[in-house]
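Undergrad: For the record, the sequence lines run as chains A and B.
Going by this note's numbering, the first residue of the first sequence is number 944, and it counts up by one from there.
Going by this note's numbering, the first residue of the second sequence is number 148, and it counts up by one from there.
The set of hints was computed from the structure by calculation and includes no laboratory data.
Check each hint, because a few of them may be wrong.
Said to hold, decoys possible - Simulated crosslink set (DMTMM-like; lysine to aspartate or glutamate; CA at most 25 Å straight-line):
| # | chain 1 | residue 1 | chain 2 | residue 2 |
| --- | --- | --- | --- | --- |
| 1 | A | Lys1176 | B | Glu277 |
| 2 | A | Lys1176 | A | Glu964 |
| 3 | A | Lys956 | A | Asp1044 |
| 4 | B | Lys217 | A | Glu1225 |
| 5 | A | Lys965 | B | Glu275 |
| 6 | A | Lys1177 | B | Glu277 |
| 7 | A | Lys1176 | A | Asp1044 |
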Amino acid sequence: MNEATIATPITPKQHTELVDEKLVRLYFITALIFLATSMLAGLLMAMQLIRHNPLRGIEFFSPGRWRMLHTNAVAYGFLANGFLGALHWAIPRLTLQPVLDKRLSWLIYAAWQGVVGATAVGLLLGEAQALEWGETPVWIDPVAQLGLLLVAINFMTPIARMKGPMYVTLWYFLAAFVWTFLTYAMGNFIPEYVVGGTAAGAVGGLFIHDLVGLFVTPLGWGLMYYFVPILLKKPIWSHGLSLVGFWGLAFFYPLQGIHHFLYTPIPMFLQYGAVVSTIAVELVVTTVVINFFGTLWGNAGVVKTNMPIRWFYTGMIYYFLTCLQCSFQVTLTFQKIIHFSDWVVGHAHMVMFGVFSMWIMGIMLYLYPRMLNRPWASPKLLEWHYWLSTLGVGFMAADLILLGVFQGWSWAALEPWDASTDFSYPFWVLRVFAGLAMFGGLLAFLQNIWLTTRAAAADRLAQKS
Amino acid sequence: MSSTMNSRIASSVHAGQFTEPMAVEITTAESGTGESDASGQKSGRSMAWTITIVFAVLILIPSMLGFVMKFGELMALTDDGADGGFAITPVVNYLLASAGFFFMLLWAAANGMFRDLEQPKHLMLQNERELDRNV
Ligand code: HEM
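Generate the whole structure from the sequences, applying the supplied hints.
TA: What follows is the structure in structure tokens.
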């Protein structure tokens, strides 16, 4: 490109005017604290399943409650905080506009931690709402809903102030703000107050899946479309194709949720609709993955040397695998075997940790040292973090997916239930080890953060004196 | 990249991102758009339109017919006493969400968001470079 033809902006915006780095850092640290809590809760539940619960008999630590804590802390404590931190970086830089109000951003931060903290306490006290992944006690729901509205207003204002064609990331973000708000309202209020019975089940199914597809997925992909080109220093392979991915998601995704309830009393045409739209989304996903690998084409060596890129692309491989898996498991033939089995749990970990957590980790890995103006203190710990997490989750997913098939066959053969729990035992033991590896990876990362932050503080002190 | 593209990027850096638009110099050195190129582009475009319309007719009309028929069956089911309502809830949710996106798609197209599909990706990187230069 002939640089001379690109005129320089008249009033270049300063990064410091746009991005509140302190808030971004705080979001990241909070997210990691919730991840550690969630993983400990997951380990507790995993120990319970191998009948070695170290905290047996204490009601407050009953595994049923900690299971809910595990999933809620991960969704609202880790993923939401991680995304919010990254959004506070990406949106102002993409739009060249600050968020609506920086004080509002801090208020949202505090309120959101209040919501997640109160959810945890509510769950441990046994006050759960009967909605999977929406177990948040009912009295917190209106506060969370208000929080989501404020998040949308705070971030959508800079996007609305922008003129001209939007970059694909902003399309995804805009949609995510609207969808998350609507999805939360739909899942938490409609089954509670408006409909009951099978209808509530159908809405619950839409809720779980839309939370993944309309909150986590658009934010995740939006951030990838932003960070990958920046780190590779080249534009995305095809912006047109990325828009196909976005609009494909917008139209096909919302009908998928029912695929959690195949073979239930929900009318068959709704179940078929979910199957068809799920398969359609797999085609859309393929275009997205092709786009990212097209961008990497010719630079594949970067994956070895550039850590964030390595996390991003590992997440993309896991994404492709989960989606491929999904297009099979959504068929009624597969469902007959794997429904209610550990296959689903394996799938959930592969997507939530193998994909979205990996992307958030990659973003943190890139931004955290940048904000401290200092490289990571220990490259070795970075490697440990990556390999323990990647192999840990790969192992956990493979273990549970395989177990799911064995369980399904056993149930289909009408063997006694006990037979399936007996042969599941060694697989569940392996899950504990895989979980310990993932947790070890997180500890390596936390230590690296500690060392790097301390070194940066020492640098600042030396500069002052 | 062509000079037309460059000038579009430059002008949208101003018109799109900053409050005051600024005059942009347009270089034509690499353009070389002869008459034959122009007519080639024109026939390419009309070919693309033909294909789009054929696909629209072949795919959209049958699928819309199918949808309307299925929707009719669904409506009949919902008339079926107290239990009927449960079937329609997720579909209505879906239709509401999709209608919103359909209108957004129309709005975006009408506002020229898809006129130059590849431009935003260059502009995004350009902005990033500017921001990093101004740290
Ligand atoms: C130390 C690592 C982890 C261990 C040991 C672990 C263990 C578990 C266990 C035992 C369950 C309950 C399974 C059941 O009910 O049969 C579970 C569920 C779940 N976990 Fe984890 N987990 C870990 C990390 C994570 C992470 C990091 C995420 C997300 C980023 C996650 C997401 C989920 C989800 C979504 C479910 C619900 C699955 C379903 O209902 O199908 N887990 N986990």
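Undergrad: Determine for every hint whether it applies to the structure shown.
TA: Right, here's what the structure says about each hint:
no.	hint	result
1	A:Lys1176 x B:Glu277	holds, 13 Å
2	A:Lys1176 x A:Glu964	holds, 22 Å
3	A:Lys956 x A:Asp1044	holds, 17 Å
4	B:Lys217 x A:Glu1225	holds, 24 Å
5	A:Lys965 x B:Glu275	holds, 20 Å
6	A:Lys1177 x B:Glu277	holds, 15 Å
7	A:Lys1176 x A:Asp1044	violated, 31 Å
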